[in-house]
Amino acid sequence: MTAVGPRPAAWLVIVATATIAVILRLVLGARGWSWPTLEIADLRVGAIVSATVAGASLGLSGVLLQALLRNPLASPFVLGLSSGAGLSVSIAALVASSGAAWVIADGGMVAASVGSAVALVVVVAAGRRHGAIEPVTLLLAGVVVASVAGALTVLVQYLMPPSSRGDLMAWSMGRIPELPERVPLVVGGVLLVSIGCWSFLRARWLDAACTADDEASSLGVDLPALRWRLVVLSGALAGSSVVLCGPIAFVGFVAPHVARLMLGAGHRGLVVASPILGAALLIAADALRLAVPLPGAGKLPVAVVTAILGGPIFLWVLRRQGGRGS
Amino acid sequence: MSLVIDSMCVWHGARAAVQGVSVSARAGRIVAVIGRNGSGKSSLVRAIAGVHPGRRTGSTSWRGRDLSAASALDRARGVAYVAQRPLVAADFTAREVIALAGAVVPRTTEHVERAIDALGVRDLADRPFAALSGGEQQRVVLARAFAQHDLGGLLVLDEPFNAMDLAEQHRVAGAVQCLASAGSLVLVVLHDLALADALAHEVWWMDAGRLRASGPRESVLDAAALGQGFGVRFERVGGSLRPVIAPRCEPLPG
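Those sequence lines, one after another, are chains P and H.
Numbering-wise, the working numbering puts 53 at position 53 of the first sequence, and it's gapless, one number per residue.
Numbering-wise, the working numbering puts 204 at position 204 of the second sequence, and it's gapless, one number per residue.
Among the hints, erroneous ones may be present.
Said to hold, decoys possible - So the derived list for chain P, only partly shown, Cβ under 8 angstroms to chain H, looks like this:
id, residue
1, Asp42
2, Ala212
3, Asp213
4, Ser218
5, Gly266
6, Arg320
To be verified - Stretch by stretch, here's where chain H covers chain P in the computed footprint (C-beta under 8 angstroms, at least three residues):
id, region
7, 205-211
8, 256-265
The hints are simulated quantities; they were obtained by calculation from the structure and are not laboratory data.
Note that the coordinates shown come from a computational prediction; the quantities given were computed from them, not determined experimentally.
Beta carbons: idealized from backbone N, C-alpha and C, even for Gly.
Could you put together the complete structure from these sequences and hints?
Spelled out as structure tokens, the structure:
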């Protein structure tokens with residue numbers, strides 16, 4: 001028994017969107033429009049693979065967080081997870097630059113996961129009132145954690161040796177690598193597929209978790225266990241995306257919303273469509289930044305493009321949500 | 001006895017909301033749980049349904065199975081629960097909300113359709129749940145509990161009639177009676193004592209966290225005792241219990 005029908009037309013649009021985004025990125029390079037030659041095809045495919053893993057991770061993380069918090073405004077960036085992961089990776093890079101290279105031997109995966117999970121725990125703890133999660137307080141807590149983590153990341157960058165600072169700064173503004181490091185990419189891919197499968201198998205539990213605590217529990221959901229899993233898994237996904245591409249705003253928020261508009265609220269569709277749309281959005285944002293000329297030879301950081309696209313959608317959902325009450 | 005509650009204590013933080021309640025009931029009955037606000041009615045039934053989040057002691061056994069130690073999944077197979085104020089934080093239709101009955105425990109489309117008919121919510125089924133009135137939402141959530149519930153199981157309802165108009169109350173009361181006739185035990189928290197008198201076979205009267213009285217409806221719903229306990233005069237007219245509500249304007253102090 002499923003809550004939502006298959007909706008083939010919506011799935012067709014989702015797959016077509018992802019395909020168009022991939023084609024766009026294939027024909028757009030650092031020097032503008034050009035069909036990829038063999039020499040540069042690897043680089044463009046590398047960027048597409050990186051953006052796919054990072055964008056899909058953010059999309060899935062967003063769905064899991066929105067189910068965890070019963071709040072459609074939740075996302076890894078808005079709740080400070082990406083910033084927490086960014087700070088943690090920056091600290092790890094600082095420690096590594098002083099000789100302890102083993103700290104980021106895994107490409108920063110552990111540091112990023114710990115950072116995003118710690119940020120989520122702080123936000124959830126601060127966003128609770130009388131044992132229940134209070135949406136507005138939660139969002140404010142997320143804004144505070146993101147701001148503090150962002151400021152501390154700048155401080156850590158200042159403390160870095162000048163030779164390593166440039167790389168870290170470029171990464172902290174969002175960067176889709178054309179030659180991604182193997183370890184974060186493989187670990188991120190494995191995490192994405194395994195957490196994606198788990199989410200699909202538990203999709204109906206996520207549906208039930210959208211009801212009040214006592215109702216969800218009476219429907220058979222072990223809420224405390226489910227919530228801890230969601231905290232850890234969404235933190236790991238956000239962390240893996242930050243390691244690959246740096247902190248990127250709004251993909252984890254926009255992708256689930258677009259998926260919900262097209263497929264309805266059932267999580268069986270959402271946990272599949274949101275990662276696809278997240279990947280498509282990040283690939284398209286990467287293509288868009290290459291298509292927009294800047295003075296000099298510079299290019300927009302990808303996080304700027306996702307923020308420009310995602311900000312207005314966030315405000316629209318906030319107004320819609322405010323109209324209904326929380 | 002099918003449901004046996006032994007020395008149940010329930011806490012909200014440091015405050016004991018239910019203190020040492022021991023009571024039992026048989027399957028095939030409707031038990032109304034009554035009492036003034038804050039008397040521990042909801043805490044008691046939430047603890048029985050296993051959904052009270054705070055500390056509780058004592059035991060609840062249903063058909064010989066210890067519910068206190070059961071997992072959420074095991075409990076959901078035998079016990080369905082409807083909260084006082086339903087919450088659905090997703091844009092589900094009414095039918096999708098009812099289908100949540102099968103989110104964890106196995107339920108077929110037939111269970112859902114049967115519940116939709118039993119509660120008379122077919123005309124609401126494809127409308128967004130959030131757009132329904134309070135009474136309609138309550139009927140939809142009741143239909144979800146009906147779909148989750150196996151005949152012969154335990155159904156726990158916490159003030160289900162509060163937001164309903166009289167026609168809705170009449171319909172739902174009939175559906176609850178059918179369920180009890182088919183062998184289920186229905187525990188229902190009620191503020192409306194006239195409805196309790198019309199619907200229930202037995203009554204548990206909670207007062208300051210303790211069980212003040214329990215037993216057949218006729219013996220517990222005594223007009224004089226109720227008047228003393230609730231601070232309102234009751235009378236029986238043609239065999240039906242009714243409170244005598246006579247509002248009086250009293251001058252404000254100062």
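Checked against the structure, which of the hints given earlier come out wrong?
-> 1, 6
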